[in-house]
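Chains as they are written, first to last, in the numbering used here: chain A, 1 to 408; chain B, 1 to 315.
None of these hints come from the bench; they were simulated from the model. Note that this is a predicted model, so its numbers are computed, not measured. Check each hint, because a few of them may be wrong.
[As the list claims (entries may be wrong)] Now the stretches of chain A that chain B is said to cover, found in silico as 3 or more residues with beta-carbon under 8 angstroms:
{"no.": "1", "region": "36–46"}
{"no.": "2", "region": "85–95"}
{"no.": "3", "region": "141–147"}
{"no.": "4", "region": "227–234"}
{"no.": "5", "region": "294–307"}
Glycine included, every Cβ here is placed at the ideal spot set by N, Cα and C.
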Amino acid sequence: MSTPPIHVWFDDGPTERRLVFEGALGPDGPRAETWWRLPEALPAPPVLDSFVCGHVQWAAMLGQDLVVHGPMSRGGLQNIGQLIAIRHALSPERYRRVIDVVPDRIVPAPRPADDPGVAIAAFSGGLDSTFTAVRHARRLIGDAAYRVVGLVIVLGFDIPLTRADRFDDVRRRAEPLARWLDLPLYPVSTNAMHLGGRAWPQSALPLFGSVLANFSQQCAVGLASAAAPYGTPRFGISHPTMLDALASNEFFTLVSDGGAFGRTDKIEALAAFPEALDGLRVCWQGSDPASNCGRCEKCVMTRFNFLAAGMADPRCFDGPLEPSHVAALSMPSLERVRDLFRTCWNELEARGTSGPAVELLRRRLARVPPDRLLAHLRRVGGVARRLVPARVRHAIHHRLPGTLRPEA
Amino acid sequence: MTSVLTVHGSRSVLERADGRVSTLELEHDGDAPDVVDGMVAGMLPAVMRVGGTLQVRGAMTRGAVRNLTEYAEAWASWDPDRFHRIRIEAATVVDGRRAASDHTAIVAWSGGLRSAHTLVRHLDGLVPAPFTVRAVLHVAGFAPDVTLPAFDVPSIVVRTNAVAAGLVDPEIGVLPIVAAALHAVGAGCTVGLHARRWLFTAQQRYPRPEPVLPDLLCGDGFVVRADGGTTSPPRMLADVRRHPALAAAIVAPTRGAFRDPIAAADAEATLADWPGGPGRRRLSTRVALDRAVTDARDTLRWLGSATHLRRPWPR
């Protein structure tokens, strides 16, 4: 018996849009919905392509076709078909089959003849989105820049809906940059992570596209920052630019920008603009989403990027990088330190950066055990745990030097 | 450092910053388009080798300026020892031109299995929302020359001097020239399709065949799209066999046709007894030889990447 499809309905309100999904299997079903809350009344796009595209990877994980009760464009359907076919080819265990998306009507969705071709940009306050916003708004690439007319900051992605109180702090931190760029900052909240987010990070850009598409009657292009650079040796684990482009459709083009630049390249490009770098927010793990803790892996990596760019004490952190920050990083296996190699070490080495923190990083990276050795040790440990009685294991554990014993 | 590109109809002349002059010709019966996006795409690899600024004496769409700038940035990021970022300055930048959404396409056909499959899957509707194929384009001037079969749709031939002029970049291949030909012909379509030359699964092995780029050889009025990359060669052949005349015209693919050794071997085995194919006995010897050469080349390439690109990648 074939798997029943998920039926999708669209509900358009003045400042809130919803997609309702009926018939999903598993914990998400049988009825669920995704909503987008907008800062002001915005006309809906003529096709549902962008909203549906944010959820197709989730449906492919469930192996269920989507029956869309609303209009879609042929261009959007073509792109979605390619996206699913490629994701299935890359990860058949995750995306179980190439699902079909069947709208009840297919309509042409051309842009108006007098469309100005302006863009709206997603903005999180991080390095990547700041780079994208500044290089287009300040036209650092000359004629190749889009005319950006606004920035969109989202509650519900990296800042969870439960931290709405802190979202205001994040917004306040982003406002000086928006003022400097002379662009309005639009806050949008969404619960799209609940369904579409199951395929995160692969669904990241399609979900950003679903947010930006709310502005598509004014803006033909949505700009979002790219994830891994083109030169990344591994393909497909995150959201490569080529696959992100498939979240576009006839009416709205999603462009992921900056894929040809490393993080240090981006800092170097922004070095002349302290207004851009002073308000950076890169931290995901600190207690306050509005500031950078300075100690987590992401913060330390960014500090190294600044160091490689010749800035030892950037103002977006409380103090300079210390060897103690590097000493506190967890480096259990090569798998876990891949980002440190890619976004830090390679760029430090390429620029010949030196110093006590760099030297400590080099020594620590050199000692990271290979994944295979670690997997082997874990397997041996697992076998030992099954073979040795618990009482004996506890006795050995208590006799090991430095073991904390519970109070009697 | 400034290179200058001048376009005269179907002929463009590039005066490179290093003093060399190259001429690209794309001869066909139709009129030249009013923007020179395609010619810039065709000449781009030659400019990326020297870097600097490219001054274009002609009109370009803004989308083409942006896309081709990113194309150069992407290759510079992939292989910084060979390619450089460039800045494009066109005499006129055209705004507000968007490709109309009539969903029709012209398909580039080389005589190989991949491009035949791209054609068939849109003609027969084997993909979601297939394009309506209005014409087939063949670019003559790349070896080997093929005989065009009788397609169900009109065919157009563009003759180029790109190989003789040294404009086919050994790293990037013929794609920019094919894209330029698609732009030049257009055939009343808004989309030009070409076959992707590797399977996506090949991108999961290291070293990867090449960077995975979105469709960047496009302007605002005409889009050049890569197609395929998810179908195995035996499946492609089964699909192409629905059109006997087209299937008979397929030139047996060599290893170069797929930039993925596994897919290439798969395709060769599939086409061993095909007319013009190598035959099974010759194939096994050739596959063994090819495998040795490919392994040696990949090892050298890996060593090159590891040392030149300074990527002490843990895997």
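Okay, the hints, checked on the actual structure:
Residues of the region 36–46 of chain A lying with their CB closer than 8 angstroms to a CB of chain B number 0, which falls below the three-residue condition for coverage. Under the rule that three or more residues need a Cβ within less than 8 angstroms of chain B, the assignment of the region 85–95 of chain A holds, with 5 such residues. With 6 residues having a Cβ less than 8 angstroms from any Cβ of chain B, the region 141–147 of chain A passes the three-residue criterion, so the hint holds. By the rule of at least three residues with a Cβ nearer than 8 angstroms to a Cβ of chain B, the coverage given for the region 227–234 of chain A holds, with 5 such residues.
For a cut-off of 8 angstroms, the count of residues in the region 294–307 of chain A with a CB near a CB of chain B stands at 0, and the three-residue condition is violated.
Violation of the numbered hints given earlier is confined to hints 1 and 5; the remaining hints are satisfied by the structure.
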